[in-house]
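Chains H and A, in that order, give the protein sequences.
Here the first sequence stands for residues 1074 to 1180, where the numbers follow our numbering.
Here the second sequence stands for residues 8 to 352, where the numbers follow our numbering.
Everything labelled a hint here was simulated from the structure, so no lab data went into it.
Where is the CB? At the ideal position from N, CA and C, for every residue including glycine.
Do not take every clue at face value.
Stated by the list, open to error - Taking lysine-lysine pairs in the BS3-like style, the calculated list, with each CA pair at most 30 Å apart, reads:
1) H/K1079 x H/K1154
2) H/K1083 x A/K211
3) A/K110 x H/K1079
4) H/K1095 x H/K1079
5) H/K1083 x A/K279
6) H/K1083 x A/K110
7) A/K110 x A/K203
8) H/K1099 x H/K1078
9) H/K1095 x H/K1154
10) A/K264 x H/K1078
11) A/K261 x H/K1079
12) H/K1083 x A/K262
13) A/K262 x H/K1078
14) A/K264 x H/K1079
To be verified - What the simulated footprint calls covered on chain A by chain H, stretch by stretch (three residues with Cβ under 8 Å from a Cβ of chain H suffice, anywhere in the stretch; the number is not a length):
15) 111-125
16) 190-197
Stated by the list, open to error - Short, incomplete list of chain H residues facing chain A, as computed with Cβ under 7 Å:
17) K1083
18) C1097
19) S1101
20) P1103
21) G1128
22) I1132
23) M1134
24) D1138
25) M1156
26) A1165
27) T1166
28) L1170
Residues per chain are reported as follows:
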Amino acid sequence: MVLVKKASGKWRMCVDFTDLNKACPKDSYPLPNIDTLVDSASGCRLLSFLDAFSGYNQIRMPPRDECKTTFMTELSCYCYKVMSFELKNAWATYQRLMDRVLAPMIG
Amino acid sequence: MDQGHEVPIHGEINTISRGFSGGGCTASQQKTSAREVMEVEVQEADHTPDVDLVFTKADWQDVIPHDNDSLVISVVMTGRRVHHVLVDQRSSADVMFWLTFNKLQLSPDQLRPYTGCLYGFAGDQVEVRGHIELRTTFIDGIASRTENIRYLVVNTPSAYNILLGKLALNRIGAVASTRHMKMKLPSLEDTMITIKSDQKEAKKCYENSLKTKRGVFAVTTQPPREEGVTRAEIARERRLKLAEDVLEREIGGKKFKLGKYLGQETQDQITKVIAQHLDAFAWSSSDMPDIDLDFLCHRLTMDPRSDLFSREGESSMTKGVRSSEKRHRSCSRLIISGRSSTLSG
């Protein structure tokens, strides 16, 4: 486990999930294509941006998988109840969430 | 620029006469210019750069064998690197083509009027839109030289972006060698700047100029390096900046910020909408509802053939859980022993 200082001055905790990630097959959920995004945004009068607040960490791990993310610190052992950045398929799950939430708008 | 003699091309400028080298369009301007010649010579004697522009064997070595290609370099102007600049030692005018002018995002208002015409090798005339003086930087990676160069802006198709004629070359004191595919000029610090011809581009330009179609055209928005501005810095500058002037508003103990530039009416409208939907916003992390596990959660599907399983000699999903439980137990043991050691220590 390594602590990395973020540009904002906060600390980011990085846990090494190499072994776990190796054991997980890749989720090949499609990421949106940038060209398509730009195309669909063209011609609009307003363009608004939203930033999610700790987006990844809003997604829960199912209880039976929580223990797989167990990591050690000097004082104790912890596991994630929410999705961690280091997990291999985190981006895919996040994209899935966004697609589901915004489905009526994406069309 | 030898191609024009073999293939009849409409609108191609070869050797260019007239332009500014004669002193101007009117007779009096030309007379003034003739008188100035003497003065210029005296002036130039003071500014003779103290450097010998020498072409050596080494200059010859990195030249790709070619069949008498022309010298095509790139220069930097208005913060952009302009490629396909033809060093044309026979042309008396420095010419910028209209498309280049547009690509540099210069405004036509900056053009000063020029009432003359340019004459090509075959005697054909080309309309001149005007002239513009631009700071042009010649850079070889180590040293650079920036000079004001006056371009005649011409609306005619060309494979090149700019033609540098005698006027500009004399101004910067450049010596070009088509054999060495290089141009050398003195810097203001009396060092030699060597500008290599982009031979591949030269070839491409040559081929394109043989076609009557408008060919390759490239003005990249690469920032000039000598100013010490990196790409990242420029990217940062171009990013949308957060509104720095913000107003703090408060409704029922909930604070939010509004950009001042929005104007009073918009500010009031936004405040009204926020007040109506106060409960729709999360004001602290505890206001944020959880995402229902049934809606979406991050499942860790594991490949039963992976190392994590085979190492333990079992191949079921529960094994993975059990192994991490084992680890869990072992590390809690570690902690206990750690604690006892700190206690005893």
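To see whether the hints hold, each was checked on the structure:
1. H/K1079 x H/K1154: Given that 30 Å is the threshold and the Cα spacing comes to 23 Å, the pair holds.
2. H/K1083 x A/K211: violated (52 Å)
3. A/K110 x H/K1079: violated (39 Å)
4. H/K1095 x H/K1079: Status holds; Cα separation ~27 Å.
5. H/K1083 x A/K279: Violated - the C-alpha atoms of A/K279 and H/K1083 are around 34 Å apart, more than 30 Å.
6. H/K1083 x A/K110: Answer violated: H/K1083 to A/K110 is near 43 Å, above 30 Å.
7. A/K110 x A/K203: Between A/K110 and A/K203 the Cα gap is close to 24 Å, so the pair holds against 30 Å.
8. H/K1099 x H/K1078: holds (29 Å)
9. H/K1095 x H/K1154: Holds - the C-alpha atoms of H/K1154 and H/K1095 are around 21 Å apart, at most 30 Å.
10. A/K264 x H/K1078: Roughly 27 Å between the alpha carbons, so the hint for A/K264 and H/K1078 holds.
11. A/K261 x H/K1079: Measuring from Cα to Cα gives roughly 28 Å; hence the hint holds.
12. H/K1083 x A/K262: holds (23 Å)
13. A/K262 x H/K1078: Distance of about 29 Å is within 30 Å: holds.
14. A/K264 x H/K1079: holds (24 Å)
15. 111-125: n = 0 at 8 Å, threshold three: violated.
16. 190-197: violated (count 0)
17. K1083: violated (14 Å)
18. C1097: Since chain A brings a Cβ to about 6 Å from H/C1097, closer than 7 Å, the hint holds.
19. S1101: Violated, because the Cβ-Cβ distance from H/S1101 to chain A comes to roughly 13 Å (cut-off 7 Å).
20. P1103: violated (17 Å)
21. G1128: violated (11 Å)
22. I1132: holds (5 Å)
23. M1134: holds (5 Å)
24. D1138: holds (4 Å)
25. M1156: H/M1156 check passes; min Cβ-Cβ to chain A is 4 Å, inside 7 Å.
26. A1165: Violated - the Cβ of H/A1165 stays beyond 7 Å from chain A, reaching only about 9 Å at its closest.
27. T1166: Hint on H/T1166: holds, closest Cβ of chain A at ~5 Å, below 7 Å.
28. L1170: Constraint on H/L1170 satisfied, holds at 5 Å.
When the structure is compared with the earlier hints, violations turn up for hints 2, 3, 5, 6, 15, 16, 17, 19, 20, 21, 26 and for no others.
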